[in-house]
Amino acid sequence: MRSIIGIELHIQVNRVGSKLFCSCPTNYYSAEANRNTCPVCLGLPGSLPVVNYSVIEKATRLALALSSRISGSLIFVRKHYFYPDLPKNYQISQYDRAGMVPFASGGYLDIGFGGSSKRIRIRRINIEEDPAKISYPEGDPLKSPYSLIDYNRSGMPLLEIVTEADMESSKEVRAFLEKILTLVDYLDICDPDLEGAFRVDANISIEGGERVEVKNIGSLRDVEKAINYELTRQRNIIRAGGSVKRETRHWDSARGVTVTSRAKEYEEDYRYFPDPDLPPIEITKEFIDNVSSNMPELPWVRAERFIESYGLSRYEANVLTSRRWLADYFENALKYYGNPSKLADLLINDFLGIVNEHGGSPRVVKGSPDKVGKLLSFLDRGVISIKILKQILPDVVLRDLDPEEIIRSRGLDVISDRSVIEKLVDEVFRENPKAVEDAKKNPKAINFLIGKVMAKTRGKAHPAIVREVVARKLRE
Amino acid sequence: MRIEHIGVAEYIENARNDPEWVSEYYSVLFERIGKVEPEINSYITLADPEKAVKNAVESAKRKTTLAGLPVAVKDNISTKGMKTTCGSRILSNYVPPYDATAVRSIKEHGGVILGKTNLDEFAMGSTTETSFYGPTRNPWDLDRVPGGSSGGSAAAVAARIAPVSLGSDTGGSVRNPASFTGTVGFKPTYGVISRYGLIAYASSLDQIGIIGLSVEDIALLLDIVSGEDPRDSTSIAYPSAKSFYSSIKDGDRYLGDFKAVLVSEMWRGVDPDVNTVLKAVIGKLESNGLEVTEISIPEIEYALPTYYIIAMAEASSNLARYSGMLFGISKDPSGVDWVKYYSRIRGIGFGREVKRRIILGSYILSEGFFDQYYLKALKIRRLLKQRLVKVYGDHGFIISPTTPITAPRLGENIDDPLKLYALDVETVVANLVGGPSISVPAGFAGGLPVGLQITGPPLSDLDMLALAYRIEEIIGSGKTHAPPLG
Amino acid sequence: MLLGGKMGFDIERLMRLALIYVDEDEASRLVNDLKRIMDFFNKINSLDVESVDPLYHVLDASGKLRSDKPEPKDTIEWIRRHSRVKGDMVVGPRTIVEE
Ligand SMILES: [Zn+2]
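Each protein sequence line maps, in turn, to chains Y, E and D. So this note's numbering is basically just the index in the first sequence, starting at one, shifted up by 140. So this note's numbering is basically just the index in the second sequence, starting at one, shifted up by 35. Heads up: the third sequence at position 29 corresponds to 16 in this note's numbering, and the numbers run straight through without jumps.
Worth double-checking, as some hints may not be accurate.
Stated by the list, open to error - Pairs of lysine-lysine residues, derived as DSS-like cross-links and limited to a Cα-Cα distance of at most 30 Å, are as follows:
1. E:Lys420 x Y:Lys283
2. E:Lys319 x E:Lys294
3. D:Lys22 x Y:Lys219
4. E:Lys420 x D:Lys30
5. Y:Lys219 x D:Lys56
6. E:Lys366 x D:Lys56
7. E:Lys86 x D:Lys51
8. D:Lys51 x E:Lys375
9. D:Lys73 x E:Lys420
10. E:Lys142 x E:Lys375
Just so you know, these hints were derived from the structure itself, not from any lab.
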């Protein structure tokens, strides 16, 4: 039973200074409730929208990166539905109908999947405004006597990307999403790691069956869970001889299930018409050419470059280029440390671990790339052990402490002075005569003595030298 | 001091010469308001007299452009800190946190907002009878309506309890009451005055207009409130460096420099007395050199239904936001679902005509009717625009009655929406085409004022005001006739 | 409740579409008005404009673009004074609709 999945993805354009139709700041993540508001985004009577140039520029970048055809005319429309999060009770959006046109149509994104590549076609890209944010005094809308509205999000710019139903599994959807999120990060459209940066609605069906729309999926993990849940639900219905009903379901993240929207729900009639407050704006070829010639390097181009120039594996290149800041960090650190492979290994396995432990945002990274490069040089020169490097890496990354300073002040440099080590070995031999005898008969017992020496130096002694000295003294 | 004949120009001249005169003017003005306003009901909210005088004197001392000129503002134009109700119960407690751009310009040039004037609820009406705050009465006959929807703005100017006022004109709402009250009402080209802060009825047709006692007064205020506004994407810079005021005063232009045309369809169904008054005036203008031709534009018969379809569709969208959430009347929403809550607030808050238009507008935009009504109306709108722009090019300004009748009695039309809509038959064309239009007082029929309307192509505002100014020179301005009040 | 002749108005549906409650008395009068107004609108059916493009914006002027410069406002004080708030959040109705 083949599954057929298409998605509608809403990307919040959070990398602009002001909202889509007013000059309220977009940094509402750190703002108190209802501080980033004005007559326009509150929908006060008499207020009028004016389009933010940067949003159009960024939408153009996205359309170019996805090979979409950009409409020559920017036309905004009103989409009408009442809801407490919508201050005007219509949303300014875009639509495809006589007199209206999406921002861009067509295009595609190739996703690498299972060793081969698959093309996911884009149907259209629209620009629209985000509604306000609703919360509930009791958490659960069912149990709450009223709702609470924060208009800080109202009027945030959104890019809606609608795909054709070209995906066949939750894994493909995830791969598509990850690639798009990386892309919008590179295009300086969206920080995908901010809360509410994207939302997904998925149209899911089993071949030959009706289509079910699952709305309200807010994270990558939930995307896979929601789609798998829905696919299983539909297969079970078909296996039991039933047929899937065409409907809209909501993803309940807390319970991990999709739930039907009430059976007898009023069917919305959105009554689209061109917004008379916003005359069309011509999107000229000059404008598009200008945006095109200022496009940042695309993530997949950069990944290829990392493989070719730095000899990284595809896996390493993909991880390092998954976020623009990370790829930048890598290339900056390379200026101070010349071994790309060792650097990649450290960033992927240790550095990212630390970042993810602290929420995954690049904002937690305080240490500059040169410091990480310096650490690796110290390791190569035998100044510190790998153990010590891993021990002090968090302080370098999170607190911007200088590696040299840490090593000196904490006395962490490796002891490789033979005379010091010989003295310590002698001490250990005196204290453990029985073990010495054992070791002379059984070569495996040597590790016990080495461990004792290491313990005396709290791990700082150069392990190879210790082993060599212990072995020699045993033979003596 | 008598203030009945003091217009904007005289006010400014006196005030700039002598700030003391300003306080005297204001005290006479407020005294007159105290006497006349209870009979007329032209204001919903009045400025605090003490503060108004203080501001005005201050402003005159600073020799600002308007020198403390009091301006009455229709109550659908936002005023910061001053209640703005749209004549509706649903906004009965709404105090905007910002000024409309036009209001801001007036304040920045030293004008004073005298008060907020009565109107048909959300400007939907032609008689000012649908206001939640009671009807405004016509200063020429208190049993009659002042027209609408800017009835309060026109009545206040006619009654000399405001020297000049701002109104809004979606389908004639500035010109119709000007015609019924013997004042001058001007609707500029769409976009010439910013709509930012004008509470929308039908966004593609709405335009702020000015009501005054003379063309000169209108040009003076137009210089202040016009101009491109970065907050209104539909606003435009009028393509002329010269001020409207100094241009119309330009002595080089004569009536013979203009051409005018009568469209036969616009004279059909006109009250015979109105017809007689206007034809006499036109004869006089012709004998003074105005070239007048006559043509027929059959499509103009479609203007009225086309206008109402577009206006209602847009209104249903613009008025969706009134739902008792952030502003306006509300109830404790605890325990009530949003469908019930919104339905009740809107059911209580809107009057009958507004409900009719929102419901019909929603219907017209809905699936299955959109193409048949809305889209078709927009096609007719284009057709009308093409036809009229051609007529203007070939024959000059269209001259017509502003309204087919003189002011009706209170209650005469209010129960029949179609009768009410028919009052707009002459005026809607200008809004559909987007061009300027002005109504100037042309005399009296049965003791009631009659208005002559001039309509022109977009951006002919300057020429139109110049023509109206010349006409005024010949037939006299509204300033000379004050209604017998007080 | 379907009222009216050839142009039937489902008043329940219209009330839901516009979210305006009208009581029964008002509804019957309203439907009567709506029918008459629609008859008046139907006048446009007699004009053939198939080949004409709809006119969405009356002037040909292009829209405006605003430069992306954030300007913080202080609307919160106004909200506190004029809206129903709890902890600076605006109080709204329940979002669960009981049928
Ligand atoms: Zn805002």
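Status of each hint after checking the structure:
1. E:Lys420 x Y:Lys283: violated (56 Å)
2. E:Lys319 x E:Lys294: holds (14 Å)
3. D:Lys22 x Y:Lys219: holds (27 Å)
4. E:Lys420 x D:Lys30: Holds. Lys420 (chain E) to Lys30 (chain D) sits at ~19 Å (cutoff 30 Å).
5. Y:Lys219 x D:Lys56: holds (27 Å)
6. E:Lys366 x D:Lys56: violated (37 Å)
7. E:Lys86 x D:Lys51: Between Lys86 (chain E) and Lys51 (chain D) the Cα gap is close to 38 Å, so the pair fails against 30 Å, i.e. violated.
8. D:Lys51 x E:Lys375: violated (39 Å)
9. D:Lys73 x E:Lys420: violated (51 Å)
10. E:Lys142 x E:Lys375: Status violated; Cα separation ~42 Å.
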